[in-house]
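Undergrad: Each chain is listed here by its residues.
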Amino acid sequence: MMSKITPQNDNVMMGLFALAILTMPIWLMPIGASYPDLMQKFAIFGIFAIGFNILFGLTGYLSFGHAAFLGVGSYTAVWSFKLLSMNVVPAVIFAVLVAGAFSFLIGFISLRRSGIYFSILTLAFAQMSYNLAYSVLTPITNGETGLQLAKSDPRIVDAMFVEVGAGIPSTNFFGIAMSGYSGFYFCAVLLIIGFYLSLRITRSPFGMMLKAIKSNQNRMSYTGLNTRPYALTAFVISGMYAGLAGSLLAVTDPLAGAERMQWTASGEVVLMTILGGVGTLLGPMLGAVIIKYFENIFSAFNESTLNNIFAFLPDGLQDVVVSVVGLFVGEGWHLTLGLLFMVIVIYLPGGLVEGAQRIRAYVLKKREKKSATSHQPQIAE
Amino acid sequence: MDEIKKGVSRRGVLKGGTALAAGLAAPTFFMRNVFGADFRNNPGDGGTVTFGFNVPQTGAYADEGADELRAYQLAVKHINGEGDGGLLNTMQPLALKGDGVLGKKVVYVTGDTQTKSDAARASAKRMIEKDGVIMYSGGSSSGVAIAQQSLAQEMGIVFMNGLTHSNDTTGKDKRRYGFRHFFNAYMSGAALGPVLESEMGKERRAYHLTADYTWGWTQEESIKNTTEGLGWQTANAVKTPLGAGDFSQYITPVLNSGADVLILNHYGKDMINSLTQAVQFGLRDKQVNGKDFQIVVPLYSRLMAQGAGENIKGIFGTTNWNWSLQDAGSQAFVKSFGQEYGFPPSQAAHTCYVQTLLYANACQMAGTFYPPEVIKALEGFEFDGMGNGKTLYRAEDHQCFKDVLVVKGNDNPTSQFDLLEVVQEVPRSQVEYDASIFGGELGPYEV
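If you read the protein sequences in the order shown, they are chains L and P. Numbered according to the numbering used here, the first sequence spans residues 1 to 381. Numbered according to the numbering used here, the second sequence spans residues 1001 to 1447.
If you are wondering where the hints come from, they were derived from the structure by calculation, not from laboratory data. Everything numeric in this text was worked out from a predicted model, so none of it was measured. Only true hints are included.
For lysine-lysine, the following DSBU-like pairs were computed, each having C-alpha atoms within a straight-line distance of at most 30 Å:
(1) P:Lys-1239 with L:Lys-82
(2) L:Lys-151 with P:Lys-1130
(3) P:Lys-1408 with P:Lys-1291
Here are some, though not all, of the chain P residues that point toward chain L, as calculated from beta-carbon distances under 10 Å:
(4) Leu-1069
(5) Ser-1123
(6) Ser-1142
(7) Lys-1172
(8) Trp-1215
(9) Glu-1441
Here a beta-carbon is modelled for each residue, glycine too, at the ideal position from N, C-alpha and C.
Same shape as in the complex, but just chain P (with noise of 0.2 Å):
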């Protein structure tokens, strides 16, 4: 035993000190470089700038994800002036010229959020890090993209939101370093009701199966509201796990409780299975209380229209956006990105494109890609021609407000497309708010 604490004692100290030593001058050699930028990833005088794409490329939501970034490699081009423009032509007020951005050719990485928030972090910290980008964006989860946005927080660059949905993300957990285009459950609420109102009347029984995680509890709370404004009844509210696969468990209660409507606050996969089971069980054939039973899917999307096949015909729901759409900026954007891959684009895709040419946008407009002038350019502008009418920036909770479609699965599709018919385009001040309902508080420019 004596021989082993010699050991320890002389050479452990030695070795230890000496790698110690080699530890501590290593991040002085480092860091030189971070310290001596005025901001995190400074461009500086490079001829490029680097954007960050993070979606999800495996899991539940990899068809959105693959999408969005499709969406985002075309925006790249648009800006540095290849391709046919696209929303280049169409933007009101439009400071690029399609030479990049404030000079600067702009490059991307790719990263896969795996929708999960530890993968998605980790990811984007590489893109920070490692790559240096001075703006990451993704979607397709809330949970993802508010742990997102408080990373961009915390590390002082900006994160432009793709697709989602929770009031949390722009409500209670409004970051100044996050910003949101797409629409939220509120919106959905307020732009659903009046429809609901007019399609199932006033005296109705609301059963709602919720996907268990922040989106889907805003969701709920979002439509309730809205239906007991409209003197609903609430039978009854059901968590379900995300991914649950299997919803029978879930769906067969709802037979014997006297709801007449079921509102699925599901997506995605969820959705697609959920919403099959229902019709599967037979819900739709049903009569309740002397009225026909009806399935409400308050956040749609074409990719699930597609997934869930027949059995979208005449619900109800709302979205961001939809391809058919007949003004310009639509169509400029359908054009070019059918030209490139051959069908029309998802409203995951639309965001995440618009976000894109937004930041790039307000760098120009700043003059400087210093985020704390890049926040300030973004807030409180106002922008049309992207396919949402006259859109506005709030500079309270960085939502954008716009124009809401309600859409209803479509009875006679003309093309495996053409899934949603828009019902109506609810005009952007019938779903605004006061940004203060939800809480939150966006932080300081500096960090």
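If we strip away everything but chain L, and leave its shape as in the complex, we get (with noise of 0.2 Å):
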């Protein structure tokens, strides 16, 4: 949201993003979003959605199956929970690790093809991946169940060091148990690292070529350039990032189902990018934050909820604006987030961030005009 790309702004806004993001028990209390929960998810589908975007808003790939890798990640996770070590550090290397061999093979073929056929072929990879994961799979899945820890799992390193307790262990961080603040926070110094590896990326010269392939591709060809390793290198890092994220999730909540990798949660990825702002460092993370406090808190207002916000109202009135306003929240909420999703790419293209860049430049032109007299005018943008 800088004005000008330089090394220092993008140092300010580093520091910016890391303070905005472990202040966030403090600033999302108004809004009544400031529990662990939500803000692990906030952490955690702000690391996949950047990630996505290191694919869609560099490359211009529209990848509509990352929610595969995201799944992949969650059952590698889980899997070294039961065999190694309630340890989160292993799980979260493997994760990483597995998700990106599983996207070198999928972008290997997919990348074959660019455009619409290239996102019906990851599509299509991940609905594979989703039904292999619920029926085919289930020994290693556990089909619709889900994945799930158990206390006569082995655990091999964790049975060396420590005594078997009363419950199932929990996921720890060295002693540190993963759930609620810690867990958060656990979450949220892997989002910095993440955007800040995504900022890096972004402005090295590896970042210039994968923009260049959103750009032109075909004249990338032409001047006797490969683009296909330049692509492949950035769908296999967004899939780590989703790999990633995917980690976090069994990290902070130590299950893996089917349904993570099912088209949905992939379409999910794409909107919150799309919502955030396309090819933007900070868009993506603004996107996850909105779609996932949507679905968690307007899903759960009820009828009682809304009567005692519109008790102010007259008794006949009271009752049209709840059953008016009921339509939009508690099961409604998919239409509630359609319409500001339609409101968004109708009039704000390029997504949130561009509406917080019109508003600056608006502000801006108005202070122009106030204090400069003798300047030159102002060319368009």
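Please dock the two separately framed chains into a single complex, following the hints provided.
TA: Set out below in structure tokens:
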């Protein structure tokens, strides 16, 4: 959102971003979102969307199958908890590696095509993974029921060091339990690292190459440059981000279900990115926060909540207002999200970040008008 | 490049340090209350206590979820002393006085499970972490119920299962903080066995179509054990994906398998679709091995019967409860539910209503909301007047034991709700089993 791209401005943005993420428990309180589970979701889906944006935002390749990597990350992490240790470090590392390898496979095949064909291919692979997880691979994934921890799991590494307790042990980071606020801070730190990496990638020559692929791949090919290795690298990197997000879902809540790989989950991350602003750094994070907020807070409004809110209105009017508003909250939260999405796509194709930029430009212009008399006229953007 | 590095080392470190300090300070400030309380979400001296109702409001089980929510709202009313009191008038023994629980008025929050484990747990966590519920409840899918139940144990908040029929819920996946009033697949099998024997004989070949998740697996196993015990053979057992929609590819092979009974281990919309298609394929008009071809739906519900329409006539199954029962408890519940909403309740509504009352009653008996004491009050609790006769909450696996209904699709329904005819009320003694046969461990009281 800074006016000019300079290393200094990037560092300021990085600092502000870190500050905003780490102080979430404070500034989210007035809107009722400052409880650990939701903030964990913000951070996790932020990572997912930021990773997705490296592929979609920079290269323009629209993948409809990223949920598959999320799911693979989750399953890997839960298996690491079951077989090795309840410590989250190996779980996260293995999840990222396995998701990376899996995305290499899928990317290698899918990237032979571009445009809509690429999207369909990734969608097909994701749906295939979902169905495999759902029925064929039931011994590994436990099908619809979802993969869960059991007290009888071997946990080889833990068994050597820790005594067995009464219940199922909880996930931990060298002894710090990964639920509640500590879980959120673990995710938040990884989110900040992930954001920094994506910033460095965007600003690097490699990032420039990715943007070149987006603007005109044919011209790149005619100049004798093979773009596929670059696109594949971007695909694998964003697959690893998805794997990281999937593993964090398992870290904060040790359970993995096949529905994480469903096409709706793949669509969700596309929505997040578009809502916030494709190709921008902050946009995907913003979109993730908004969608998760809607899903968790708006869906929980019921009639009695609404009646409390509109209690100040006269009786007849209150009933009318409640029944109208009731359509958009509770089970109707999808409707609200859909409307918001339409408004943004129609009026702000660049997402919320574009909205913020427009406001900023407007304010600056006003200020300029006041102060500047001898300056040259402003050049249009 | 030099410039960039400078920037990182000075400003970056300063900013990062400030952020980290603010971040580390935040939890100590917000978590103070948590450490101060003797247990999670202690209602303390406040005038209210919060329950959470987590039901599927969207997706394949939305109808059941809507009915469950109605029942929960009714239960809260009755506990708070509003309305006609419902089952508070018939429940024995009763500690509740109709003035809330332990003098606190009950309020509630709701959530949407979307019939997905992830969404259900996210919604439950919101209730626990944000809304401060002391208990949460809900159901309609065993996979989701088991996921929520294990969360309950981690969080130390009691979870009262709604509709869940898998053996695993109180079997291998049972938890100290989870309780189930609904019956299970084993009981369905045990109740159905004698009726199947007298109606269809001892020489049959059964073909199973099974929903591919925990509930389907355990029901197939239980029914198979029962029918093979009768001397039946099992021709084949095929798993079908949940929410398949079109079952024709699974039904065609049934015709050539030499089987003369089709057992549909399906529920909700799946059952409506598979049964309708099986009837459309003409299975019921067939003669195989010199016998009439039969279809059995082990777990029935009125909402499903409504969806399947004409096709359910004469088809056998079991239910936990049906609104046509004539005991005082059932009648009282049907009356107050009918007055409130204008139609009779489903079995899902019944079990959810009863669970809410049982939890509230247990708190009143224990004299505290402290979960270990409430759990102890529920364990081994024996009660009557809730619509299923004398019922026991078994301490070893938190499963309720009560009479089971064997029902049949009504040939001549008198109204759009009069769809199931009760063939037999199978007494509790016939469906009891040893708690150890399914394995699993409840876990500790204190978490």
